[in-house]
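Top line first, the protein sequences correspond to chains F and B.
If you count by the numbering used here, then the first sequence holds residues 1 to 463, one letter each, in order.
If you count by the numbering used here, then the second sequence holds residues 1 to 463, one letter each, in order.
Some hints here could point you the wrong way.
[Unchecked claim] A short list of chain F residues far from chain B (calculated; beta carbon distances all over 12 Å):
#	residue
1	R15
2	V58
3	H80
4	P107
5	D115
6	H173
7	D255
8	E258
9	P272
10	K381
11	R384
12	G395
13	R415
14	G462
[Stated by the list, open to error] Cross-link-like lysine-lysine pairs, in silico, BS3-like; alpha carbons within 25 Å at most:
#	chain 1	residue 1	chain 2	residue 2
15	F	K84	F	K392
16	F	K348	F	K364
17	B	K10	B	K21
18	F	K280	B	K364
19	F	K146	F	K10
20	F	K280	B	K359
21	F	K105	F	K280
22	B	K57	B	K41
23	F	K359	B	K280
24	F	K364	B	K280
25	B	K84	B	K381
26	F	K178	F	K381
Honestly, the hints are just simulated from the structure, not real lab data.
Glycine included, every Cβ here is placed at the ideal spot set by N, Cα and C.
Protein chains: 2
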Amino acid sequence: MSEAAVGYTKEHGERFVEELKELLRIPSVSTAPEHVGDVRKAAEFVADGLRAAGMEKVRLIETSTTARKGHPLVYAEWLHAAGKPTVLLYGHYDVQPAEPLDEWKSPPFEPEIRDGNIYARGAVDDKGQMWMHVKALESLLKTDGKLPVNVRVMIEGEEEVGGEGIAAFVREHGDQLKADAALVSDTEMFAPELPTLCVGLRGMIYTELEARGAATDLHSGMYGGAAPNPFVALAQMIAQMKREDGHIAIPGFYDGIEEPTKAELEAWRSLPFDEEAYRKHEVGSTELTGEAMFSVLERTWSRPTMDVHGIPGGFIGAGAKTVIPAKATAKISFRLVPGMRPEETFAKYKKFVEEICPKGIQVKVTMIHSGEPIVVSTDNKYVRAATDAMAKVFGKETVFVRGGGSIPIVGDFVRELGIPTVMMGFGLPDDNLHAPNEKFHLANFHRGIESIVRFLDGVGAGS
Amino acid sequence: MSEAAVGYTKEHGERFVEELKELLRIPSVSTAPEHVGDVRKAAEFVADGLRAAGMEKVRLIETSTTARKGHPLVYAEWLHAAGKPTVLLYGHYDVQPAEPLDEWKSPPFEPEIRDGNIYARGAVDDKGQMWMHVKALESLLKTDGKLPVNVRVMIEGEEEVGGEGIAAFVREHGDQLKADAALVSDTEMFAPELPTLCVGLRGMIYTELEARGAATDLHSGMYGGAAPNPFVALAQMIAQMKREDGHIAIPGFYDGIEEPTKAELEAWRSLPFDEEAYRKHEVGSTELTGEAMFSVLERTWSRPTMDVHGIPGGFIGAGAKTVIPAKATAKISFRLVPGMRPEETFAKYKKFVEEICPKGIQVKVTMIHSGEPIVVSTDNKYVRAATDAMAKVFGKETVFVRGGGSIPIVGDFVRELGIPTVMMGFGLPDDNLHAPNEKFHLANFHRGIESIVRFLDGVGAGS
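Please model the entire structure based on the sequences and the hints provided.
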């Protein structure tokens, strides 16, 4: 019965893209206080889309955390497939900040199609992929008048800021999300034309390390040599945490790490991965870095790491200001792998920086957000339905990979709801996630919709 | 004859302060392109003040450097004291940026008098002190109709950005500045009520160290572990350059340094300096830092050092952005002491960072500006005239100190014009130079004017 729905996806494909453009025009940057209204506008847009698709009980669910009022969740359901499994569709409508703006070829919130790709902040992460879900539901409901399985939809607006709101909701109202499996499209294909399921994600802690020295900004001529410099202190602490060979020197940092199985490592080695092409075309640096005894895929999938994202404070204007700033703050994150727990890693890190804190400096470490690392089972009918669906659409066998990034909610689905998650994503390695000129390959947008239609159909048929 | 002029300074003292307030209202921030017009306005204000004082040939001299069009110099002269020496009065009308604005108790460009101090950006550095010169000239010319010596005035608008314009002018048109000595009031008194001459200044190089890794900003989840992080690289390089004990590890950095004489060190030890009070009330940190085997005065006057002023680039907004930035730039300066040359130090630093540059990173080192370190002789009639003048005004013997900061032009006066400089300053240690809540103690403004009147008179009488 999905053939009619597949036909519908093709017939209405152009309209789907136009709708996506509208959604991409809303700058729903969840981390920016000035965009609170835009984030809500995007939530309303998604809710309207779900209503138009024929979903039921569509509503915004307000969230809040201790730190602040949160962005709303968008909920919808269709539960009339008696005896069939229930699939929870997850996505997010919030996006990363678009800065640095001057590196975008077209403005980040004015979607533009070039060479078969749609360029905009959020194109692939995750508005475009989330919209595939909405359009797959519409295609099924408009042609068959019903869905092949029971479906709940939960779209969040805080994925890019740690997803605390949805995590709290899942924890406290798990009964309202009762399902047998979740489908998430927020990952990428390993290579163009290569259908891919992601079966593991790194976790993370995102922190701020603040260093305070003098009581006020001081003239570096008059006080240089005697007054503590918080930027130098941060540099000294960061250099002690991360060695040049990529090893993280925080005591106990690697304790308890679960290595990938031999079979998994073997499968990774057979993936079409060209390290030199990756260096040249994806990273674009003179050399790759990190732990030389691990392959690049291991370094980015199954090894923890540490990165510094920015060091606000001090003088950042053009030219010169001879100041010893009173304080500086480094934005530092760690990616975690199975066997590591965010709170434990944070505690080790905090203890270490407090121990190595240079003379005259006071440090404060703050956790901004965190997510658990996860690995999911590949041995269940939902994964089989996904690989079957993609085999039909792409005509190829699916590869299993892990992702280096974090989708914190997947861990919550496992832990709180006890359900497996199928991470079937349609991004490409060069889609510029979190970077200027983010894009989504439009062919994959359409194939994604068809794959989701076939996946839901397959789950319904197979049960 | 200076007694009439001294009487005039007291009679008109209140007006002098009102005029200074007007000058302080002009945000002549020389490093900020958006304030180019304000910088010129301040130059015009100073020129008008010199004209009103009765000075001759008052004019703006345009400057330019290879990098950009410069801010104008203000020139004036009065050369009718036949047979008397010529004194070159130097000051600057440009100011440091006022940021961080939220730490000012009253707005930086709305001067406010509290507890006998005038608060504003530039109050003491150097508008207030430069205005003392203009008012001393006015007081002499309005009462005696003439000056006791020949005077040239040269006020610049680029001191806070390296003073390249005036340096070029001195180099190329030294004949137009022919003088026997220079008077500079851009330093501070060692302690309240303690008349002070500064006889040495550190030099500096102000640089930008740019690190580039990936070709574009990358998602730290997807690429963390394999892509070079320019912030981590800068931290690693900075930590290798400056050890926690304050030692700078650049090879050859300390080569050729001229130590202060035993007599000078002895004199420093007898100065009223309380290290604990300095730590607590001036610096406000939990501990002082730097080379423990040197006293604090040595560390800030006669030892070179390195500071980081800011590290622009990356994500500096509120919250989190999981990005590996393509580039980061550290603003790094070094203070130099006699025996060191800016170009040589820069070359050693550049060579070292290129050597230690981590894998996958490309560095670029840029010199923003530089200044030579200097020491001036204390054995001449100009220094004696200055100590005599301050003895009359303060009723105390003058102490000789050095300054940790740089006034690049003083080196040029020595090298290009071959003249000694008297650095007679009236700031106080807690005047917050280059920091929020900069102030000038008004009693010192008035005593400064009187001291300059008596100094010029003394030079004239003694010759």
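Structure-inconsistent hints, enumerated in ascending order:
Hint check: nothing fails, all pass.
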